[in-house]
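Please model the complete structure; the sequences and the hints are all you need to start from.
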Amino acid sequence: MTRENTKKTVNVLVVGTGGQGVITASEILSDVAMRSGFDAKKSEIHGMSQRGGVVTSHVRYSENVASPIIMEGEADILLSFELSETLRWLHFLRPSGRVITSLQKIIPPAVYAGMGSYPEEAQTVIKQRITDPIFVDALPMAEELGNPRLVNTILLGIASAMLDLPVDTWEAVIVERVPPKFTELNLVAFDRGRDIT
Amino acid sequence: MKNQILSGNEAVALGAFQAGVKVASAYPGTPSTEILQNFATYKDVYAEWAPNEKVALEVAIGSAMTGVRTLFTTKHVGLNVAADPLMTLAYTGIPGGLLIVCADDPGMHSSQNEQDNRFYAKFAKIPMLEPSDSQEAMEMVEEGLLLSEKYDCPTMLRMTTRVCHSKSIVQIDAGNQAAIPVAEGFKRDLKKFVMIPAFAKLRHPLVLEREAKLEDITETTAFNRIEWNDNKIGIITSGITYQYVSEIMPDASILKLGMTFPLPKKKIKEFADKVDRLFVVEELEPYIEDEIRIMGLAVEGKAFFPKLDELSPDVVADGFAEAGVLPYDLPPVQEIAPGGDMPRPPLLCAGCPHRGLLYSLNKMKAIVHGDIGCSTLSVLPPLQSIDSTLCMGASISMAHGTVKAMAGLEDKRPVFAALGDSTFFHSGITSLMDVIYNKGNVNVVIMDNRITAMTGGQQNPGTGHTLQMEETYAVDIIEIVRALGCRRARETDPFDMEGTMAALKEEIAHDGPSVLVTKRPCVQLFRQDPLAVRTVDTDACIGCKRCLKLGCPSISQGDIIPDEANKKERRYSNIDAATCYGCALCEQVCTSNAIVYVAQ
Numbered sequence: 065m066t067r068e069n070t071k072k073t074v075n076v077l078v079v080g081t082g083g084q085g086v087i088t089a090s091e092i093l094s095d096v097a098m099r100s101g102f103d104a105k106k107s108e109i110h111g112m113s114q115r116g117g118v119v120t121s122h123v124r125y126s127e128n129v130a131s132p133i134i135m136e137g138e139a140d141i142l143l144s145f146e147l148s149e150t151l152r153w154l155h156f157l158r159p160s161g162r163v164i165t166s167l168q169k170i171i172p173p174a175v176y177a178g179m180g181s182y183p184e185e186a187q188t189v190i191k192q193r194i195t196d197p198i199f200v201d202a203l204p205m206a207e208e209l210g211n212p213r214l215v216n217t218i219l220l221g222i223a224s225a226m227l228d229l230p231v232d233t234w235e236a237v238i239v240e241r242v243p244p245k246f247t248e249l250n251l252v253a254f255d256r257g258r259d260i261t
Numbered sequence: 079m080k081n082q083i084l085s086g087n088e089a090v091a092l093g094a095f096q097a098g099v100k101v102a103s104a105y106p107g108t109p110s111t112e113i114l115q116n117f118a119t120y121k122d123v124y125a126e127w128a129p130n131e132k133v134a135l136e137v138a139i140g141s142a143m144t145g146v147r148t149l150f151t152t153k154h155v156g157l158n159v160a161a162d163p164l165m166t167l168a169y170t171g172i173p174g175g176l177l178i179v180c181a182d183d184p185g186m187h188s189s190q191n192e193q194d195n196r197f198y199a200k201f202a203k204i205p206m207l208e209p210s211d212s213q214e215a216m217e218m219v220e221e222g223l224l225l226s227e228k229y230d231c232p233t234m235l236r237m238t239t240r241v242c243h244s245k246s247i248v249q250i251d252a253g254n255q256a257a258i259p260v261a262e263g264f265k266r267d268l269k270k271f272v273m274i275p276a277f278a279k280l281r282h283p284l285v286l287e288r289e290a291k292l293e294d295i296t297e298t299t300a301f302n303r304i305e306w307n308d309n310k311i312g313i314i315t316s317g318i319t320y321q322y323v324s325e326i327m328p329d330a331s332i333l334k335l336g337m338t339f340p341l342p343k344k345k346i347k348e349f350a351d352k353v354d355r356l357f358v359v360e361e362l363e364p365y366i367e368d369e370i371r372i373m374g375l376a377v378e379g380k381a382f383f384p385k386l387d388e389l390s391p392d393v394v395a396d397g398f399a400e401a402g403v404l405p406y407d408l409p410p411v412q413e414i415a416p417g418g419d420m421p422r423p424p425l426l427c428a429g430c431p432h433r434g435l436l437y438s439l440n441k442m443k444a445i446v447h448g449d450i451g452c453s454t455l456s457v458l459p460p461l462q463s464i465d466s467t468l469c470m471g472a473s474i475s476m477a478h479g480t481v482k483a484m485a486g487l488e489d490k491r492p493v494f495a496a497l498g499d500s501t502f503f504h505s506g507i508t509s510l511m512d513v514i515y516n517k518g519n520v521n522v523v524i525m526d527n528r529i530t531a532m533t534g535g536q537q538n539p540g541t542g543h544t545l546q547m548e549e550t551y552a553v554d555i556i557e558i559v560r561a562l563g564c565r566r567a568r569e570t571d572p573f574d575m576e577g578t579m580a581a582l583k584e585e586i587a588h589d590g591p592s593v594l595v596t597k598r599p600c601v602q603l604f605r606q607d608p609l610a611v612r613t614v615d616t617d618a619c620i621g622c623k624r625c626l627k628l629g630c631p632s633i634s635q636g637d638i639i640p641d642e643a644n645k646k647e648r649r650y651s652n653i654d655a656a657t658c659y660g661c662a663l664c665e666q667v668c669t670s671n672a673i674v675y676v677a678q
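Chains Z and B, in that order, are what the protein sequence lines are. If you read the first sequence in our numbering, its first letter stands for residue 65, the second for the next number, and so on. If you read the second sequence in our numbering, its first letter stands for residue 79, the second for the next number, and so on.
Because the hints were derived from the structure by calculation, they are not lab data. One thing to keep in mind: the hints can contain errors.
Said to hold, decoys possible - Interface residues of chain Z toward chain B, partial, derived using beta-carbon atoms under 8 Å:
hint	residue
1	ASP103
2	GLU108
3	ARG115
4	PRO132
5	PRO197
6	GLY210
Said to hold, decoys possible - Over the 12 Å line for every Cβ pair with chain B, so calculated as not near, a few chain Z residues:
hint	residue
7	ILE198
8	ALA225
9	LEU229
Said to hold, decoys possible - Pairs of lysine-lysine, DSS-like flavour, derived with a Cα cap of 30 Å:
hint	chain 1	residue 1	chain 2	residue 2
10	Z	LYS71	B	LYS80
11	B	LYS623	Z	LYS169
12	B	LYS228	B	LYS270
13	B	LYS310	Z	LYS72
Every residue, glycine too, gets a C-beta built ideally from N, C-alpha and C.
Next comes the structure, spelled out in structure tokens:
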């Protein structure tokens with residue numbers, strides 16, 4: 065007998081590197097979940113991760129959430145801002161889990177110091193393990209829309225199409241969180257993300 | 079009633095404001111920092127960054143002596159610094175509610191050790207509360223203040239990283255605020271507040287009497303509750319671990335402890351008697367388990383749940399599986415994907431002013447005692463600039479000890495101490511006094527980046543601003559250093575590599591102590607200047623990798639340099655225009671003049 069998800073908890077693991085916007089994305093998602101009437105919890109590690117290190121944020125929602133941390137093998141969605149980071153956390157997905165990953169590569173200087181190599185075969189490995197991964201060249205897309213920070217909203221747009229949360233709540237939270245002059249641009253980026261799936 | 083999703087730290091700040099806390103003092107420290115940052119934004123409160131935790135707690139004690147509700151927050155290792163006032167405060171007590179919020183860091187996400195500070199509550203015999211989520215964190219602030227006032231002692235609210243930095247929903251009811259006691263002002267009470275031996279002897283018995291009273295309270299508090307379920311398995315747990323246990327063992331009975339000093343022994347016995355097998359699940363030390371064992375009860379815990387690192391639902395599930403009581407099979411462990419283990423350690427930022435100094439120090443073939451702060455990040459390749467990091471301010475005193483011990487040894491390497499401005503204010507000043515007083519010969523470098531950087535950029539006595547952003551006197555480091563008797567003290571710009579190297583060499587040549595202040599503001603205080611951004615001139619770059627030795631996150635390797643003869647493959651260096659801050663260190667280490675302004 066395996067562990068049953070009786071409470072139908074939705075688990076989203078948001079990953080990337082320091083400064084990419086991982087925390088903001090998970091803040092928006094957990095806020096949308098709460099306003100949609102769910103119990104929501106979110107957990108991440110601040111501190112050292114801000115200096116270009118690995119950043120993860122766990123978001124969980126259902127009627128009643130106990131642990132703020134997702135168990136390995138139970139994430140429904142892995143939302144990744146960086147390709148090699150997708151590999152790092154792939155084992156957190158359930159067999160039926162989905163991957164949404166930006167194709168952006170951020171090569172850590174540790175690699176040039178001989179401490180490892182960048183996994184150039186990342187896309188192949190992901191395809192071997194996961195059904196229908198979504199690879200998105202989010203950074204050029206965001207730059208084309210006018211601002212590299214829009215990567216965040218594009219990725220959330222894609223995730224929103226897989227999650228059963230009301231679109232107007234998503235939009236309301238995004239509007240509240242971004243500076244007024246970027247409202248329109250973010251809503252466009254969000255729609256662009258939704259169209260990808 | 080309003081729902082809001084708050085971190086544990088935000089919830090503590092809100093709870094403190096709602097409970098009428100008027101004065102708060104702390105030194106920044108992950109994972110506790112955001113408590114005071116949030117509290118400082120509320121109306122009509124006083125909140126300050128003190129130079130260190132000892133000072134902060136003493137400020138808090140002085141405040142609570144007047145009957146005002148007061149908050150002191152710290153990370154676990156900060157309580158070591160504040161342990162001196164704490165242990166005697168436990169004797170004196172204070173009329174105003176005083177809450178000590180202590181944030182432990184199991185797993186050492188951002189700390190030098192993972193000590194279990196629950197023992198401090200037992201050590202000082204003060205009540206301790208442990209929240210499991212943000213709602214409880216908020217509620218326990220008020221409860222902690224009430225306990226403090228009723229039993230004339232500080233209360234410790236012990237959090238952990240996963241409670242501090244996890245967000246969960248908090249129900250905020252502004253209308254349902256409890257009465258805030260009116261402060262009566264400072265009242266002279268010599269036998270209570272003057273801890274000469276004769277008076278301290280009178281206080282100590284009262285500490286023991288208080289402990290006995292608290293033992294009754296812990297039996298009846300609603301924060302210690304039994305959730306009856308199947309009684310084959312009984313689990314005693316507290317803090318964030320309660321959430322993991324509820325998730326993993328939904329059918330077990332749970333004794334959830336919210337007040338963990340003193341422990342509710344009667345309730346524990348009652349629970350233990352009714353279950354077939356008793357477990358304790360707790361992070362770090364067997365604090366609860368050992369107490370239960372002393373009670374003579376059969377209990378299992380650390381045999382299945384590690385003392386190392388933070389726990390997680392996975393680790394808790396593994397423990398119960400090993401104990402043979404997990405009611406379902408664990409899914410097969412999935413291997414980490416190939417390539418998923420590439421190291422990505424945290425780094426000094428692009429444009430970090432520490433880099434120029436740390437790179438230069440590395441060239442000095444010196445022994446370098448480092449200190450707490452961003453500069454510890456230079457321990458990894460390629461910089462590898464420091465030989466030790468222990469605790470706040472230790473660099474100077476350790477360097478002094480090393481110099482004294484090396485007298486007469488073959489090893490003639492120069493000895494440096496390198497620490498940041500905030501670390502110097504925290505605990506470096508007395509260390510430097512020791513060096514001068516005892517005729518030491520340490521080369522001290524104070525990396526003055528005008529902010530407390532590692533914890534996210536907090537004001538400190540050198541910045542000219544308070545926590546609540548009022549203008550104030552900015553301490554002059556050189557003035558302090560000279561006043562301590564160190565006559566050789568000067569500033570240098572760490573972005574000037576040649577000047578920094580020369581200065582370090584001069585200090586090595588000089589016989590006697592010296593202080594070099596490398597002065598440049600933290601890059602996080604600025605926006606990027608597009609005109610300062612550098613790029614690589616591929617006509618000039620020979621792929622020598624000198625610039626890569628700086629460990630700058632903006633510099634990477636690009637395309638292969640077309641080969642004339644059968645030379646080894648070389649690649650152009652590449653500078654990321656989006657993240658380069660134009661510090662020009664790479665330009666200075668480049669011997670081929672291949673690094674130029676983008677704008678040119």
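Here is how each hint holds up against the structure:
A hinted interface residue such as ASP103 of chain Z counts as satisfied when its beta carbon comes closer than 8 Å to some beta carbon of chain B; here the least separation is about 6 Å, so the hint holds. Taken as an interface hint, GLU108 of chain Z checks out: its beta carbon lies about 6 Å from the nearest beta carbon of chain B, inside 8 Å. The beta carbon of ARG115 of chain Z is positioned within 8 Å of a beta carbon in chain B (closest approach about 4 Å), and the interface hint is therefore held. Evaluation of the PRO132 of chain Z hint against chain B yields a held restraint, the C-beta minimum of about 4 Å falling below 8 Å.
Look at PRO197 of chain Z: its Cβ only gets to about 12 Å from chain B, farther than 8 Å, so that hint breaks. Annotation: GLY210 of chain Z was flagged as interfacial toward chain B, and the flag is violated, the nearest CB pair being 15 Å apart, outside 8 Å. Taking the minimum C-beta to C-beta distance to chain B, about 17 Å, the non-interface status of ILE198 of chain Z holds against the 12 Å cut. Remark: the non-interface label on ALA225 of chain Z is consistent with the geometry, its nearest Cβ contact in chain B lying 23 Å away (cut-off 12 Å).
The beta carbon of LEU229 of chain Z is kept farther than 12 Å from every beta carbon of chain B, the shortest such distance being approximately 14 Å. For the hint linking LYS71 of chain Z to LYS80 of chain B, the alpha-carbon distance of about 24 Å falls within 30 Å, and the restraint holds. Of the supplied pair hints, the one linking LYS623 of chain B and LYS169 of chain Z holds, its CA atoms being roughly 21 Å apart against a limit of 30 Å. This hinted pair checks out: LYS228 of chain B and LYS270 of chain B have alpha carbons roughly 16 Å apart, not beyond 30 Å.
For the suggested pair LYS310 of chain B and LYS72 of chain Z, the alpha carbons sit about 27 Å apart, so the restraint of at most 30 Å is met.
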